[in-house]
Amino acid sequence: MSDNTPNLKSSHQPLLSVRSLSVEFGAGFKAVKDVSFDVEPGKTLAVVGESGSGKSVTSLAIMRLTDYTGGRIVGGEVMFRPAQGEAIDLTKASDDTLRSIRGNDIAMIFQEPMTSLNPVFTIGNQIAETLVLHERLNARDARLRAKELLQKVRLPDAERLLDRYPHQLSGGMRQRVMIAMALACNPKLLIADEPTTALDVTIQAQILNIIRDLQQEMGTAVIFITHDMGVVAEMADDVVVMWKGEKVEQAPVRDIFAAPQHPYTRALLSAVPRLGSLQGQPLPKRTPVMVMDGGEPRLVGETHVQNTADYAKPLLQVDKLTTRFDVGKTFLGRVTHRVHAVEEVSFDIYPGETLALVGESGSGKSTIGRTLQQLVEPTSGTVRFDGRDMAAMSHGDRRRLRQEIQYIFQDPFASLDPRHTVGYSIAEPIVVHGLIRDRKAIEKRVHELLEHVGLQPQHAKRYPHEFSGGQRQRVCIARALASDPRLIIADESVSALDVSIQAQIVNLLMELQERRHLSYLFITHDMAVVEKISHRVAVMYLGQIVELGTRQAIFENPQHSYTRKLLSAVPIADPQRERAKMRIEGEIPSPVRPVGQEPAIHRMREVGPGHWVAVEADALRGAA
Amino acid sequence: MATAQALPSSRRRFRSFELILGTLLAGGMALAVLLSPLLFPDGGESMDLMARLVPPFQQASHILGTDPLGRDMLARVIVGGKISLTVGLLSMLGAMTLGTLMGLAAGYYRGIAEMVLMRFADIQLALPFILVAIMFLAILGTGLDKVIFFMIVAQWVQYARLVRGSVLALREREFILSARAIGVGNLRIIFTHILPNVLGPIVVLMTLNVANNILLESSLTFIGLGVDPLIPSWGGMLADGRTYLQSAWWVSVFPGLAIMFTVLGLNLLGDWLRDYLDPTGQTSK
Numbered sequence: 003m004s005d006n007t008p009n010l011k012s013s014h015q016p017l018l019s020v021r022s023l024s025v026e027f028g029a030g031f032k033a034v035k036d037v038s039f040d041v042e043p044g045k046t047l048a049v050v051g052e053s054g055s056g057k058s059v060t061s062l063a064i065m066r067l068t069d070y071t072g073g074r075i076v077g078g079e080v081m082f083r084p085a086q087g088e089a090i091d092l093t094k095a096s097d098d099t100l101r102s103i104r105g106n107d108i109a110m111i112f113q114e115p116m117t118s119l120n121p122v123f124t125i126g127n128q129i130a131e132t133l134v135l136h137e138r139l140n141a142r143d144a145r146l147r148a149k150e151l152l153q154k155v156r157l158p159d160a161e162r163l164l165d166r167y168p169h170q171l172s173g174g175m176r177q178r179v180m181i182a183m184a185l186a187c188n189p190k191l192l193i194a195d196e197p198t199t200a201l202d203v204t205i206q207a208q209i210l211n212i213i214r215d216l217q218q219e220m221g222t223a224v225i226f227i228t229h230d231m232g233v234v235a236e237m238a239d240d241v242v243v244m245w246k247g248e249k250v251e252q253a254p255v256r257d258i259f260a261a262p263q264h265p266y267t268r269a270l271l272s273a274v275p276r277l278g279s280l281q282g283q284p285l286p287k288r289t290p291v292m293v294m295d296g297g298e299p300r301l302v303g304e305t306h307v308q309n310t311a312d313y314a315k316p317l318l319q320v321d322k323l324t325t326r327f328d329v330g331k332t333f334l335g336r337v338t339h340r341v342h343a344v345e346e347v348s349f350d351i352y353p354g355e356t357l358a359l360v361g362e363s364g365s366g367k368s369t370i371g372r373t374l375q376q377l378v379e380p381t382s383g384t385v386r387f388d389g390r391d392m393a394a395m396s397h398g399d400r401r402r403l404r405q406e407i408q409y410i411f412q413d414p415f416a417s418l419d420p421r422h423t424v425g426y427s428i429a430e431p432i433v434v435h436g437l438i439r440d441r442k443a444i445e446k447r448v449h450e451l452l453e454h455v456g457l458q459p460q461h462a463k464r465y466p467h468e469f470s471g472g473q474r475q476r477v478c479i480a481r482a483l484a485s486d487p488r489l490i491i492a493d494e495s496v497s498a499l500d501v502s503i504q505a506q507i508v509n510l511l512m513e514l515q516e517r518r519h520l521s522y523l524f525i526t527h528d529m530a531v532v533e534k535i536s537h538r539v540a541v542m543y544l545g546q547i548v549e550l551g552t553r554q555a556i557f558e559n560p561q562h563s564y565t566r567k568l569l570s571a572v573p574i575a576d577p578q579r580e581r582a583k584m585r586i587e588g589e590i591p592s593p594v595r596p597v598g599q600e601p602a603i604h605r606m607r608e609v610g611p612g613h614w615v616a617v618e619a620d621a622l623r624g625a626a
Numbered sequence: 106m107a108t109a110q111a112l113p114s115s116r117r118r119f120r121s122f123e124l125i126l127g128t129l130l131a132g133g134m135a136l137a138v139l140l141s142p143l144l145f146p147d148g149g150e151s152m153d154l155m156a157r158l159v160p161p162f163q164q165a166s167h168i169l170g171t172d173p174l175g176r177d178m179l180a181r182v183i184v185g186g187k188i189s190l191t192v193g194l195l196s197m198l199g200a201m202t203l204g205t206l207m208g209l210a211a212g213y214y215r216g217i218a219e220m221v222l223m224r225f226a227d228i229q230l231a232l233p234f235i236l237v238a239i240m241f242l243a244i245l246g247t248g249l250d251k252v253i254f255f256m257i258v259a260q261w262v263q264y265a266r267l268v269r270g271s272v273l274a275l276r277e278r279e280f281i282l283s284a285r286a287i288g289v290g291n292l293r294i295i296f297t298h299i300l301p302n303v304l305g306p307i308v309v310l311m312t313l314n315v316a317n318n319i320l321l322e323s324s325l326t327f328i329g330l331g332v333d334p335l336i337p338s339w340g341g342m343l344a345d346g347r348t349y350l351q352s353a354w355w356v357s358v359f360p361g362l363a364i365m366f367t368v369l370g371l372n373l374l375g376d377w378l379r380d381y382l383d384p385t386g387q388t389s390k
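Order-wise, the sequence lines are chains A and B.
Mapping of the first sequence onto the numbering used here: position 382 corresponds to residue 384, and the numbering continues sequentially without gaps.
Mapping of the second sequence onto the numbering used here: position 216 corresponds to residue 321, and the numbering continues sequentially without gaps.
Source of the hints: derived by calculation from the structure; they are not laboratory data.
Remember, predicted model here, so these are calculated numbers, not experimental data.
One or more of the hints may lead you astray.
Unchecked claim - Capping the alpha-carbon separation at 20 Å, the derived lysine to any residue pairs in SDA-like fashion look like this: (1) A/K331 - B/G216; (2) A/K463 - B/Y381; (3) A/K463 - B/T297; (4) A/K331 - B/I217; (5) A/K463 - B/P384; (6) A/K331 - B/M220; (7) A/K463 - B/D383.
As the list claims (entries may be wrong) - Among chain B residues calculated to face chain A with C-beta under 8 Å, some are: (8) L282; (9) S283; (10) H298.
Heads up, the beta-carbon is just placed ideally off N, CA and C, and yes, glycines get one too.
Please put together the full structure from these sequences, using the hints given.
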C-alpha cells in the first residue's frame with residue numbers, strides 16, 4: 003500500500019514496518035482498517051486515540067496476540083527485523099517463530115500490572131522464567147540476572163524483593179517488575195499499552211523516567227500506546243493518531259502539537275486540559291469544546307466565567323473530621339491495625355462553589371466524600387450542613403440530607419443497576435424521597451432531566467449497557483440532579499472518560515452549577531481538570547489537608563512541597579517544554595498504623611488570604 | 106457496531122427455541138397430569154390380570170404396556186405425575202422462598218444473624234438426609250403435606266448459601282452504594298436492586314432442585330416414609346420396576362422418561378427465564 007510516510011530513506015531500515023494492517027472481530031466488524039506505520043530502531047512511536055479507536059488492537063496484532071482474543075488479521079503485513087537474520091512477516095509466521103520472538107525480540111507491558119503477574123509465583127521466579135526460556139540460563143544465573151534487572155528499574159532492596167509475591171507490592175512497584183520482565187532479554191522493541199494509566203501521577207512520572215532512561219541505555223524501540231496527550235508530549239518521537247480504527251495522522255511529535263492537520267487531531271488536542279491554561283485568572287472558566295460531528299469538527303459551548311460562588315454563609319462546614327477503619331484483628335477479635343483514612347480534616351464549602359479535593363490513592367479524599375454522604379461513619383469530628391450538625395440530626399433529617407447531597411461515582415457503568423432501565427434509575431431518588439407522587443409527572447420530570455444533561459427523553463427506556471461511557475455519566479448526573487440537591491460530591495467522576503467526553507462533562511457540570519446554583523465537592527487526582535473547574539483547592543496527603551487555598555494561589559503559588567511535587571509530576575501536553583527538573587522518588591506511604599500509634603496532626607499557617615499551608619517538619623522538607 | 110446489533114437478534118431466536126421446547130415438554134406433562142381424572146377416570150388402578158407385563162406397543166389398549174398387576178402403564182405414568190409434580194414443585198417453591206429470604210438477610214445485614222444462620226446451615230448440610238428424614242417423619246407421621254414440609258426444611262439451605270454468596274459480592278458493588286447514597290432504604294435496596302441481580306443463579310438451582318425433589322420423594326416412599334405407597338408416583342414406580350428390570354424394562358423406563366422430559370423441559374424454561382431476566386443478554390452458560 004503506497005503511503006506518504008517519509009520513512010523510506012535508504013540510509014536505515016525500520017525495525018518494524020506495518021503495512022495496511024486490518025483486523026476483524028466476529029463477523030465483519032473491522033477494529034483496525036488499513037493501518038500503516040514504521041518504527042525506527044531506538045525511537046519511540048506513540049499511538050494515541052480514544053477508547054474504541056483500535057490502538058490496543060493494533061498493538062496486539064503486531065504480536066499476533068489477537069489470535070487469542072477472537073480477532074483475525076484480514077489484510078496487510080507486519081515486517082519485523084530481528085537481531086539476526088532476515089525480516090519476517092509476523093502475520094504469516096509460524097507459531098514456533100512467534101513464540102521465539104515474543105518476550106525475546108518484542109516484549110510487552112500492559113496497563114494493569116496486577117492482572118499480568120501470576121499471583122502464586124514469586125517475583126524472582128517470574129522474571130527467571132523468561133530468562134530460562136529464552137536465554138537458556140540455569141536457575142542460579144537467572145536469579146542473579148533477575149536481581150540486576152530489578153536494580154535497573156530502581157527497585158530498592160532487590161534481593162529480598164525476589165522472594166515476594168505480587169500482592170505484597172504496590173501498583174508502581176508491580177509495574178516496575180513488569181518492565182524488568184519485559185526488558186529481561188534485551189528486546190529490540192517494547193510495546194507499552196497504557197503502562198501508567200492505572201498509576202498515581204507521581205508514580206507515573208517515575209515509571210516514565212525509567213522507561214526513557216532504559217530506552218537510551220539499551221537502544222530499545224518503544225511503541226507507546228496511550229490516550230494521554232501529556233504522556234505523548236513527554237515520551238514520543240513520532241505520533242500516530244488513530245480514530246475509529248483508522249490512522250488519521252502521523253507526524254513527528256512537535257508537528258502534531260504545533261500544526262495538527264486532521265480535524266480529529268485538532269479536536270482531540272483542543273479537548274486536552276492543559277495545566278497553566280488559566281494562569282492569571284481568579285475564577286474558573288467554561289470554554290467551548292471542539293467535538294467531531296459526523297467527521298467535521300464543531301465548537302460546542304460558550305466562554306463563560308464561573309462567578310457563581312457566594313461567600314456569605316457556608317453551605318457545608320467540616321470540622322476536624324476523622325475517619326478510621328479497623329483492619330487486622332487478632333484471633334480473639336482485638337483490633338491491631340487501623341487505616342487512618344482521614345485525620346482531623348476541616349474545610350468549608352460555600353453555595354455555588356466548587357471545592358476540589360486532590361490527592362493520590364490512599365490520601366483519604368474518597369473517604370471524605372463517602373463520610374459526608376453517610377456511606378461511612380466518621381470516627382470523630384463535626385459536619386454541619388446549612389448550619390445544622392449532622393450528628394445531632396434525627397433519622398428522618400439524615401435521610402433528607404441524602405436528598406440535598408448527591409454523589410456521582412467514578413465508573414458510571416458500575417454505579418447503575420444493570421437490571422433496570424435508566425429511566426427507572428433516574429426516577430428512583432424522586433420516588434424514594436416522595437418528591438413527586440404522580441406517575442405521569444415523574445415520567446415528565448425524568449424526560450426533562452435527560453434533556454438537561456444533553457440526552458433524549460426516549461433514552462429513558464434503555465438499559466445502561468446500551469449507552470456509551472460518556473452518555474452513562476450523563477445519566478448518572480441526571481440521577482444526581484433528580485432530587486434537586488444543593489451539594490454534589492463528584493468522586494473522580496470524569497477520570498475514566500475520554501478527553502473529548504471529559505471536556506464536555508466538565509462543561510455540563512459547570513453549566514448546571516450556574517443554572518441551579520449547585521455546590522460541588524470535586525474529588526480527583528487530575529490537576530489539569532481541577533484547574534479548569536474549581537474555585538478553591540484542598541490538597542490531601544495521607545489523610546490530612548496539606549494545603550488549602552484559592553485555585554489561583556494553589557496553582558501559581560504552591561507552598562507545600564507535596565503540592566509542588568504533585569504539580570511537577572503532571573505530564574504537560576507540550577513537547578517544546580523542558581522536561582520536569584524535579585526528580586521524583588519514593589512510594590506513597592501506607593495509611594495503615596498499629597493501634598496506639600497516632601499520626602501527628604499538621605499545624606496550618608495562613609500564608610495569604612484564605613491560603614493555608616501545613617507547617618512542614620524540616621526532615622520532610624529535606625527529603626522532598 | 107454491525108456485530109453488536111446482529112448478535113442479540115440471533116441469540117433471541119435461539120432462546121425462543123428453548124422457550125418453545127421447554128413449554129412443550131414441561132407444559133405438556135403438566136397439562137396431561139391435570140387432565141388425568143378425565144383421561145383415566147379409574148386413576149390407573151384397574152387391573153387386568155390376564156394382561157400382566159404386556160410389552161409396550163403390542164396392544165392398542167395398553168400402548169405403553171402393563172405392570173406386573175396388569176395395570177396400564179400410560180395411565181399410571183400420567184396419574185403418578187400428580188404426586189411427583191406436586192411434591193417437586195411445591196417443595197422447591199417453599200425452599201426457594203425461605204432460603205432466598207434467609208440468604209438475602211444474612212448477606213445484606215451480616216453480623217450475628219448471618220453467623221448463626223450460616224453455622225446452622227453448615228450443621229444441617231453435614232447431617233445425612235435419610236437419617237434425618239426417618240427421625241423427622243417418624244415423629245410427625247407420614248403424608249403428602251409432611252413430606253413437602255420436610256423437603257422444604259431439608260433444602261432451603263442450598264438457596265440460602267447460594268444467595269448469601271451472591272449478595273456478599275453484590276453489596277459491595279457501586280450501584281448498591283450509589284442507591285444508598287441517593288437515600289434508598291434497606292428493604293427497597295434488597296428487593297429492587299439485589300434480588301433481581303441474584304435471580305439468575307436461583308433460577309438455575311430451582312430447575313435442578315425439582316428433579317432432585319422428585320427423586321427424593323421416591324426414596325422416601327421407598328423406605329415407607331413418603332406418601333401412601335398405593336398412590337402411584339414416578340419415584341414409586343421406578344422403585345417397583347427395579348425387580349423387573351431384566352424381564353420387563355418398560356415398568357421402570359417409562360416413569361424414568363417422564364421424569365427426564367419434565368426436568369429437561371423445566372431446565373430449558375429456566376435457561377430461557379434467566380436470559381429473559383437479564384437485559385444485557387450476556388449471561389454465560
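Violated hints - listed by number, lowest first
Hint check: nothing fails, all pass.
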